[in-house]
Amino acid sequence: MKPRIAVWKFSSCDGCQLSLLDCEDELLALGNAVEIAYFLEATSRVEDGPYDVSIVEGSITTAHDEERIQEVRENSGVVVAIGACATAGGIQALKNFADVEEYKRIVYAHPEYVDTLATSTPIGEHIKVDVELRGCPIDRGQLLAAISALVLGHAPRTKTSPVCLDCKQNGITCVLVSKGRPCLGPITQTGCGALCPSIGRGCFGCFGPADTANVDALTAQLRQLGMTDVGIDEMMNTYATTQFRKLVADQAGTGRGGSDDSGEQV
Amino acid sequence: MSHRTGGRILNVKALARVEGEGALHVAVRDNEVLDAKLQIYEPPRFFEAFLEGRDFREPPDITARICGICPVAYQMSSCTAIESAFGVSVEGQLAELRRLLYCGEWIESHVLHIYMLHAPDFLGYPGAIEMAAEHRDLVQRGLRMKKIGNQLMELVGGRAIHPVNVRIGGFYSSPDPERMREMLPDLRWALDAAQETVDWVNTFSFPAYEGDWEFVSVVQPDRYPIMGDRIRSASGVLDIPVAEFLDHFSEEHVAHSNALHGKWDRGQYVVGPLARFANAQDQLPPGAAAAADRVDLHGEVRNPYKSIIVRAIEVVAAYEEAIRIIEDYVRPTAPAIPVRPRASVGHGVSEAPRGLLYHRYFLKDDGSIDSCDIVPPTAQNQPAIEHDLLHVVEDNLSLSDADLTHLCEQTIRNYDPCISCATHFLEIRRVDV
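Here the protein sequences come in this chain order: G and Y. Numbers 1 to 266, taken from the numbering used here, label the letters of the first sequence in order. Numbers 1 to 433, taken from the numbering used here, label the letters of the second sequence in order.
Keep in mind the hints are simulated off the structure, nothing from the lab. One or more of the hints may lead you astray.
[As the list claims (entries may be wrong)] Cβ-to-Cβ under 7 Å is the rule here; a few derived chain G residues that face chain Y: (1) L18; (2) T43; (3) Y103; (4) L195.
Every value quoted in this text rests on a predicted model; they were computed, and no experiment measured them. In this text, a Cβ means the ideal position worked out from N, Cα and C, and glycines have one as well.
Start from the sequences and build out the full structure, keeping to the hints where you can.
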């Protein structure tokens, strides 16, 4: 029997599930290899669970979604969280560090109509997630590789090395060292193929931190380029803010992170 | 025709798509439609709030994240708003590259909508993958057309979803002319395929309904509008510079929706392909103009179901424009023009595939954002969608619940709202009133 796949949306821009429809060369073959049992962006045919694989896009920002994600877990063999929203809370997690009531007043004439939690949280904070694919958006090659692996019955593998390594392997001139442009490549997980450095632009961290990230070393370098601490903070805390904040907190006082104990303020 | 007595409620529980999770509620009593509400309950993400205090260079990347289907629209409206605040304007080859990138987005979004979201409604399939079982060649044609749109976006933008190459003043790097020209054979194939698409969708059967609204779009003096600095209504009662947009249009916060409702001081209006076509049909490039003649569409098309034909005509135009821009392309001397921040306000507008997208930024001397406003097309079309639903239900009360529900979904998808596929999960509950 074909594996049954479901695709779920939570708070997001829909770009990551669009990545699946953007697999133009593979989509019809995929439709033959698996049963697409629930995927509202592609089909109105809705099959009940259980599902072998659930692909989850988006973050949890409402009480209703807190319940809905539990149902997804109960009905799924493997849960794959895709994209920065599902793996890190997404850009909307910026509200976690602000006053959400104030945010409501800024955007809405009637804040009392708006139903939202104070935080935007990744799927993994609510249920057990089996596979995470990062990125804002995800890389569709990684998505196809993950689905193929699961269909074949083995665990997907994704690279956890930093973007920096991709630049070296692909012969891309270092934008940080040679052009003096702020770049999060040394501390960001790859997956994009060093897309931003390849066009002469610094990485802005949309895949979240790499395992080997050394925040202190990069912070010192960014200060040397004339960045303020506020600027450095905003650069790290936009697309995968919860992950970078955790990284900075974990490394504070270890000599590998935090911005209080090293470097000169510019 | 059989008439029902008593009441019924059509309940679309989860319009879960694109820019929105939403639902549809229609209440009927004694052959009278009491209420039609398109509820968008996609959780708010507060972009306008967290942009406050951020640097002027960030909105093209940050606001792109509002929509994965039309990120370029957000990038272009934010760029032009901020550039106008700083008193600069991107011209020449850089402006052409922006138009090329935007053509890629129109192609990707329109072809997705035509082939994968809307055509299955007309032909009676749940989706494109199911449609492919009987029409494999057609679906493959659509997928290849869409892929070429994505490749244009990758070529100019670096990435199809949330392009990385866009910046205030232009681009981080300009594409290589050789690589651009390598796309020409595929684009020429796609242009033929787009013409065939117009003829294909023209064979569909269109429900009889005409909407009574004004058409509002951006206009450009010399070409079919994508980016521009004036806004016009097709009747001519409105013709304003972008800076006056909020003097005429506002957003209303209604209890049932997290999307603000667009309001015009002169009444009901729509944005999108029908509005652009009504305003600028005579500016279509030759192939698209010929296609419009062939299917006999002219000026104000008031049947919203025929928007699929207009979308197909715009796809022809986008491929033609892409070919023209690439053939004429000369690499600009610099990938971006310099900008200097100053305390000011800037307005920007552009035509997202689904319609007019307005941005306004108040900026401080240091280049940080004091406050901003974003008015997306789906919010502006929401009242028209509700208006159409009300009339479509009223005109078709004799249909079974299943058929009426299907017709409602199809009606919502006419607007390619970022909630189209939401309508895929429609549930009907009968009640006795």
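Which numbered hints are broken by the structure, listed smallest first?
-> Hints that this structure does not satisfy do not exist here, as all of them hold.
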